[in-house]
Structures are given as structure tokens and as C-alpha cells.
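Engineer: Chains as they are written, first to last, in the numbering used here: chain A, 731 to 1080; chain B, 7 to 257.
Note that these hints are calculated values from the structure, not bench results. From a predicted model like this one, the values you see are computed outputs, not experimental measurements. Hints should not be assumed to be uniformly reliable.
Heads up, simulated DSS-like pairs for lysine-lysine below, C-alpha to C-alpha not over 25 Å straight-line [as the list claims (entries may be wrong)]: (1) K131/B x K200/B; (2) K200/B x K67/B; (3) K200/B x K9/B; (4) K944/A x K131/B; (5) K128/B x K944/A; (6) K944/A x K95/B; (7) K200/B x K32/B; (8) K944/A x K78/B; (9) K944/A x K75/B; (10) K1057/A x K95/B; (11) K130/B x K95/B; (12) K160/B x K200/B; (13) K130/B x K944/A.
Chain A residues, not near chain B, derived (Cβ > 10 Å throughout) [said to hold, decoys possible]: (14) L756; (15) Q811; (16) R827; (17) I828; (18) Y861; (19) L867; (20) A887.
Selected chain A positions facing chain B (in silico; Cβ < 8 Å) [stated by the list, open to error]: (21) R923; (22) T924; (23) A927; (24) A934; (25) V942; (26) T948.
Beta carbons: idealized from backbone N, C-alpha and C, even for Gly.
Here's the letter readout for the chains.
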Amino acid sequence: MKRNTILTIAGLVVLVAAVGLADSILGRFTVRILNLSAIYIILALSLNLLNGFTGLFSLGHAGFMAVGAYVSAILTMTPAQKEMNFFLEPIVPILARIQLPFPIALIVAGLCAALAAVLIGVPALRLRDDYLAIATLGFAEIIRVIITNIQSVTNGAQGLKAIPKYSTTWVVWTVAAIAVVFMLALVRSSYGRTMKAVRDDEIAAEAMGIDVFKVKSTSFVISSFMAGVGGALLGHLISTIDPKMFTLMLTFNILLIVVLGGNGSITGSVLGAIIVTVLMEALRFLDMPMNLVFFKTNGLPGLRMVIFSILLMIVVLYRQRGLMGNKEFSWDGVLGIFRRKNSTRNGGRP
Amino acid sequence: MIKTENVSMRFGGLTAVSDLNIQISKNEIVGLIGPNGAGKTTAFNTITGVYKPTEGKVIFKGEDVTGAKPHKITERGIARTFQNIRLWKDMDVLENVLVACHLRMNVGVFAATLHLPGYRAKEKKSREFAMSLLDSVGLADLAHEPATSLPYGKQRRLEIVRALATEPSLLLLDEPAAGMNPQESLELMEFIGKIRDQYDLTILLIEHHMQVVMGVCSRMYVLDYGVTIAHGTPDEIRRNPKVIEAYLGVD
Ligand SMILES: Nc1ncnc2c1ncn2[C@@H]1O[C@H](COP(=O)(O)OP(=O)(O)OP(=O)(O)O)[C@@H](O)[C@H]1O
Ligand SMILES: [Mg+2]
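Just chain A, same shape as in the assembly (with noise of 0.2 Å):
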């Protein structure tokens, strides 16, 4: 027990003293990178809970971003940014004299994405499974196509820009520390159990005493809230958005994360999302052209996102646990595969 504790603490001390130090040693571009491995982390976790722990299956998450990101910069954009962005229609009059300090913008954008998971979810959640993930995805693509249409509140297909840079490294990892903290807490809490106990066996969970609407609606609602965050996160770190960037691809990859990472294991999307995140950019140079000694592409667009599907194929058919099963990291966990490999040598248990 003691050990542990000082290990988690050291643990601790090393993480904080890399994120305080990282904007000085790191690149930018090194650092970006890493931020936005913060935000996946987030939304992982995020999806994790509704796929790994409640066993739903949802598409939506895009949606549920896009309302975050939009609430968020609209709720921190200066009257002057407002007034540069909105050049084709004037935003409306209230709109375009809020501005509210990012925090609670934060909040704000969270709950709004909640709101819009309660006028989803609770007609969706009381179909069979499957049906969600189509409602949802229908969802996600209506959002889109609002958010492109409502030209004098989101400034339509231009998008956002210059939206304030808030998304510093401090800011995006102690928001996915917290949201790390929260998945922990919940999934060891009663109620977390309860929403395993529906995503095993939902006729047990009932039969039971389990309100199984609630639990699923509680746990989309609280998902979204999640992914409103993220979303607003993901604005205000590369600092424009417009309704192209929220469509299934990006729900698509974050499920990437989740299912590389291990359904149900918050350590699986924590490492899931660092991997996937920095995978993504080191391949970056296949959907350039490449010069192959022997041949030559005129660059492959997309090329990427087909290595990805490739790998979650491989998952889904060899290891459908993915990276860590659902198991959780533990300094026991971690120190047990050093001990087993001594007492190999030593011929087995002492």
C-alpha cells in the first residue's frame, strides 16, 4: 500500500513537472501534438464510458463536439472578432456583445451538449441498441447541417476563426487529468457498477432492482457533456471551426481510440489516445507525395485513414480487447511483469 502511494505520487510530480516544462523544451509543433493527445484523451473517455462501461453504442459524438466547440467560441470571441467572422450576415444582436470568461464558457458548452444529448437520447435510449447508433448519427449529421444553415448565430459554412487561443497546455491536461480523476471515481462508484451490470446483462440489471433507463440516460448525458467539452477544447486549440470538421470521420476516430485503446479501460483510452494522436501525424507523410526510389506517388489522400481502418480491423478480428483489455494500469500490475520475468528465470513462483 505505502509503496504504491509514493509511487503515485512520484508519478504524479514527474507528469506535472513534464506539462510545466513542455512549452519550453518542446517544440510548438511537438507540443500541439501532445495537447491535442489531451483533448483525445477526453473524448475517449468520453466515448469509453458509453461503449465500455454501458455498453451503448452511439455515432453521435461529432454532434455532441460541435455544439461544445460553437457554444464555447461564441461564448469567448470578442464583439470585434464577432464582428470580423460574421462579414456575410451580421450575428445576431445578443450574441454579439456576451462574452464570458473561459471557464465558464467551458462549463456552459458542456452543458448545452448535455441538453442536446437529454432531447436525443431520451426518445432513442428507450429503442433496441442498434437503433441509438443510427439515431445518433442522424443526430450528429442534423447538428451539421443546422449549424451550416443558421448563418447569423454560427456564421454557417465560413466557420469560426480566430477564436482565442485558451487551449494551453496547462488548461487541456489538467481538464483531462480531472477527466481521468472523474472516469476513475465513477466507474469504482455503485453507480458505475450498476452501468456494467446493464451493459453484461440488461434482463440481470432490471430484474434487479436497476433502472436501466436512467442508467443509460445518465450515462449519455454525462458522455456528452464529456465530448461538449472536448469539442469546445479542440476550437480554441487550433482556433477556427466550421461544421466540415464535425462529421463521422472525426466520431470515427475517436472509436479508433477507444477500441485500440480497450473497451472499457480508462488506461486503455489515456494510452489510446497518445498513440492514435501522435500515430496520426507521424504518418502524416503517406497522404503526401512520396518519391520511392522506384516509383512515384502523386500523393494519396486518405492513404492515413486506411492504415487506421486496417489496424482497427485487425483488432476488432484478432484482439477485440485491444491494448489493455479492460484492465486498469496498477503499480502492482506494472511491478508483477518485472517480478514474473525474474521468477521465470528462477523457475517459476517462489
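Given the coordinates of chain A, assemble chain B with the ligands onto it according to the supplied hints.
Structural biologist: Below, chain B with the ligands alone, put in the same frame as chain A:
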């Protein structure tokens, strides 16, 4: 305690249960027997809200609970086990029982997630209660084993314990002795009598082989093709020609 009034359940053209009239008083142990496909499980499902009966009423403690949601029925004090064991396979033995404790904990999602003091106290109480239940069936030392790694007989006991964790007043057991040898069945029936006294329960129990339940039940109902063909004490049932006919070739 529980009463069904002319309950019928039809699936399309098939009448799985017709005109079922069961009445059970407090602390009784009553058997529901009948050959394969007689409609026993369906009868359970109409009582527990899995199906809304096509006709008739289910009255529990004087209140009409017909067609209420399964979790509402459990909240009122009816708990059940399943014929084909339905334990949560990704959880250990203790967790399986703890999930069932959640119903009586009355905690919100935020109180639970933030591990507020009120929640912690309830969680501690639930763990103690769950362990005491496991202890009473001799499963305490297996508390941290995966539920589905237990041998069959112990999984059945675990399902009963899980149902008890919802603090029911009426317990419905769907073929609890299925797959057990005569010795194990006998022990199980003793156990059922014991928990009835210990937890002040009323029990309705489905069994396929009537010999198994003869000893423990005060009364039994016999179903065949959905119809109640006999009702009475074990001795009366044993001598009833209709029952003998229905069971011919089965036992
Ligand atoms: N959901 C359903 N839809 C259609 N038919 C059903 C359904 N559930 C049960 N039945 C039918 O109702 C009849 C009674 O089934 P039930 O499971 O209640 O029998 P049982 O007495 O429990 O039998 P067993 O001893 O095999 O468990 C069977 O013919 C079965 O096929
Ligand atoms: Mg049956």
C-alpha cells in the same frame, strides 16, 4: 402476499399461460411444477414485469402491480433468479451482490462519483451486508473470484444471494436445482427453508422434477400447456391422476 387473478399470456396464437390463479400467504414456500414448456417461466415473467399479461391482474401486498416495470417490481419487494443463470460475467462474486445492493442505497450519481461521506457510509454498509450474505451460503472466501468461474451449483447459490441483496419479501426461484445431483438438490432445498426463516421470506419456486420440491413446499400448483391442472399439498398432488398423466414419460 401475492395473488394472480386470471392471468393469461399469449404470444401470437400460442397461449403460454391461461387463467392462472395463484395465491400465496406470507412465509409459505409454494411450488410451481409442470413439464417442459408448461408456461412456468412465463408465469414468473408476468409477475416480475418482464411481460405485461395479456389478461388478468397481479396483486402484490394488496396493490395492483400488473405490467409495472421489472425494476419497480423489485423495488416493491419481489426478487427472482433465472433458469439460465444470468450473473454479470465481468464482475467478481462480491460485485455481483453489490450491484443488487444499489437499489436500497439511494445514492445519486454525483454523490457516488464524488464519494461523499453519505455515500461512503452506505457503500460500507452494503459491503458488510453483501459479505454477510455470502458468508451465510459459504461463498465468502470466493468473494473476489470471477462470478462465472464458480462451479455450477455455487453460481446458482450466488444468484439466490444476489436476489436476497435486494431485500425482497417474495422470492421467485426458477429451477434452482437444475443441473444438480440428488444430494445437491436436497441440500439446496434445506437451504431454501433456512433462508425463508432467516430473512422472513415468502417463496415461489419452479421445479421440473416434482420429487425435489415435495419435501420443502407446503403447497404446489401444477401447470400443463399453460393450464393449471392441479393444486394442493404435495400428497394430494402425488395422487392426482391428471398430474400423473401429464408427467407420464417425463419422469
Ligand atoms: N417470448 C416468447 N415468445 C413466444 N413464445 C414464448 C415466449 N416465451 C415463452 N414462449 C413459449 O411459451 C411456452 C411456455 O414456455 P415457458 O418457458 O414458460 O415454459 P416452462 O414451463 O418454463 O418450460 P421449461 O421447463 O422448459 O423451462 C413455450 O411453448 C414457449 O415456447
Ligand atoms: Mg422455464
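Engineer: Now look at each hint and say whether the structure bears it out.
Structural biologist: Now the hints, each set against the structure:
no., hint, verdict
1, K131/B x K200/B, "holds (23 Å)"
2, K200/B x K67/B, "holds (23 Å)"
3, K200/B x K9/B, "holds (24 Å)"
4, K944/A x K131/B, "holds (24 Å)"
5, K128/B x K944/A, "holds (21 Å)"
6, K944/A x K95/B, "holds (22 Å)"
7, K200/B x K32/B, "holds (15 Å)"
8, K944/A x K78/B, "holds (12 Å)"
9, K944/A x K75/B, "holds (13 Å)"
10, K1057/A x K95/B, "holds (15 Å)"
11, K130/B x K95/B, "holds (23 Å)"
12, K160/B x K200/B, "holds (17 Å)"
13, K130/B x K944/A, "holds (24 Å)"
14, L756, "holds (34 Å)"
15, Q811, "holds (36 Å)"
16, R827, "holds (34 Å)"
17, I828, "holds (29 Å)"
18, Y861, "holds (20 Å)"
19, L867, "holds (26 Å)"
20, A887, "holds (39 Å)"
21, R923, "holds (5 Å)"
22, T924, "holds (5 Å)"
23, A927, "holds (5 Å)"
24, A934, "holds (4 Å)"
25, V942, "holds (7 Å)"
26, T948, "holds (5 Å)"
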